[in-house]
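Using the sequences and the accompanying hints, generate a full structural model.
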Amino acid sequence: MFRNQYDTDVTTWSPAGRLFQVEYAMEAVKQGSAAIGLRSKTHAVLACVNKANSELSSHQRKIFKVDDHIGVAIAGLTADGRVLSRYMRSECINYGYTYESPLPIGRLVVQLADKAQVCTQRSWKRPYGVGLLVAGLDESGAHLYYNCPSGNYFEYQAFAIGSRSQAAKTYLERKFENFPDSSRDDLIKDALFAIRETLQGEKLTSSVCTVSVVGVGEAFNILGQKTVQALINEFEISGEEAPATVSAAEEAAGGDAAAADQGGAAAEEEAAPMDI
Amino acid sequence: MPKEHANWSPYDNNGGTCVAIAGADYCVIAADTRMSTGYSILTRDYSKICKLADKSYMASSGFQADVKALQKVLSSRHLIYQHQHNKQMSCPAMAQLLSNTLYYKRFFPYYAFNVLGGLDSEGKGCVFTYDAVGSYERVGYSAQGSGATLITPFLDNQLKSPSPLLLPAKDAVTPLSEAEAVDLVKTCFSSATERDIYTGDSVEIIILNANGVRRETEQLRKD
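Taken in order, these protein sequences are the chains called A and B.
Quick note on numbering: the first sequence equals residues 1 to 276 in full-length UniProt numbering.
Quick note on numbering: the second sequence equals residues 1 to 223 in full-length UniProt numbering.
It should be emphasised that the hints constitute simulated quantities derived from the structure, not laboratory data.
For every residue, glycine included, the Cβ atom is placed at its ideal position computed from N, Cα and C.
Heads up, some of the hints might be wrong.
To be verified - DSSO-like cross-link-like pairs, simulated, lysine-lysine; straight-line CA separation at most 27 Å:
no., chain 1, residue 1, chain 2, residue 2
1, A, K65, B, K124
2, B, K87, B, K51
3, B, K72, A, K226
4, B, K51, A, K65
5, B, K87, A, K65
6, B, K87, A, K51
Claimed, not checked - Just the calculated beta-carbon pair ranges, DEER-fashion:
no., chain 1, residue 1, chain 2, residue 2, range
7, A, S54, B, E180, 56 to 66 Å
8, A, N53, B, G212, 33 to 43 Å
9, A, R86, B, A69, 21 to 31 Å
10, A, E55, B, Q96, 23 to 33 Å
11, B, A69, A, E177, 42 to 52 Å
12, A, S101, B, D45, 20 to 30 Å
13, B, Q88, A, S140, 47 to 57 Å
14, B, Q88, A, E27, 32 to 42 Å
As the list claims (entries may be wrong) - One side of the interface only, derived from the structure: several residues of chain B facing chain A at Cβ under 7 Å:
no., residue
15, K72
16, S76
17, L79
18, H83
Put into structure tokens, the structure is as follows:
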């Protein structure tokens, strides 16, 4: 990405029809530490890498409970992510107050996307610098969505965002066809394998990652460190390698992008990310 | 043109009685299940007790539409609290929140007469009693609602709770055991049912202690 004279304002188009400020916001997402999400018909798992700035500090929280049936993992500017999580929680609470039923995740992600879009069309605002993986349930089962700083959103079978997420995406692309019928525990195991891919050789322990689950009959919860470590030990000790099932891999990033209105793939490095 | 609806009131009184008793390591919260309007019964099976948090239960008599609205507001506020603090609200915290919520509508009050019962952070029983606009204090026991005037003198006699005016200040919780307190509550309601027309049908009793929560129902006279 090169600096040019059309990138100062979010309200300035480039001659090629791009909004560079929005694209730069999406770069911020790529700089954040990795977050991955995957889902079956009944469960959705979010996992993320927790990198502390130094050994002295604690690491940032990147996974937030939004409601009993929805959780979100973020990558990028965590402060922006926190603010958006608070907005999502507030929307869920208000909907529950008015309708005495849980806010359908599909509605929530649209509201979130519209909120992000506003920031791409005001001269006094800047786009949110955070990508959100929203996992949740509605009447038709478990869903996973990715919300961009651009205001676009897509539904996924599995996805990864943040730094070194391509390694995780490659793993998920190989395995995603099995996910719809996966059990809860297999889904968590796959999430941990995907996280391990992003660590590129670094040791996977429960202190560098966080795992959360939501499912039919299971409210959104973040797994405890001991639970996660036990799961890691299970497959590390057995010397299990990430099973290399060959499947008809999709060309686009991260598996089954089934968003009806939006279509197309998420951020590809070369093309303008908003080109659909 | 003569004035229409000159006597219209936004409020109605659905009757009923609520009681709560605090013990050393338990709390009993009880309310009858009759909902009435005027001299008619709307239903014999309506719960006036609401769980606000793991250790806070509120029983409210008065205008049940306002009670329902109040319960929803407090539940939503508790959700927000849990998101922000990653834990449940303590009973004394909920007590303050209820007071503030009631006073917020000082000039169009919730027609709700509340009794909040639960366990404090030390595990001791606590009961808070309110008026319609949020004035509250922590007490060892309390009754609110249509049967309160019949029950309170009886509880004064049985629980020998020291007057807040006496010095030195004494602990407000009763020395009774949990089983004795539950029995006392049942006695209160059967007596109140005899003379108060708005109290009866059945009484719902919630018992909170360190082991969790238990619910009991006892039938009352239906007349």
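Just pull the numbers of the violated hints for me, sorted ascending. Hints 1, 3, 10 and 13 not satisfied by this model.
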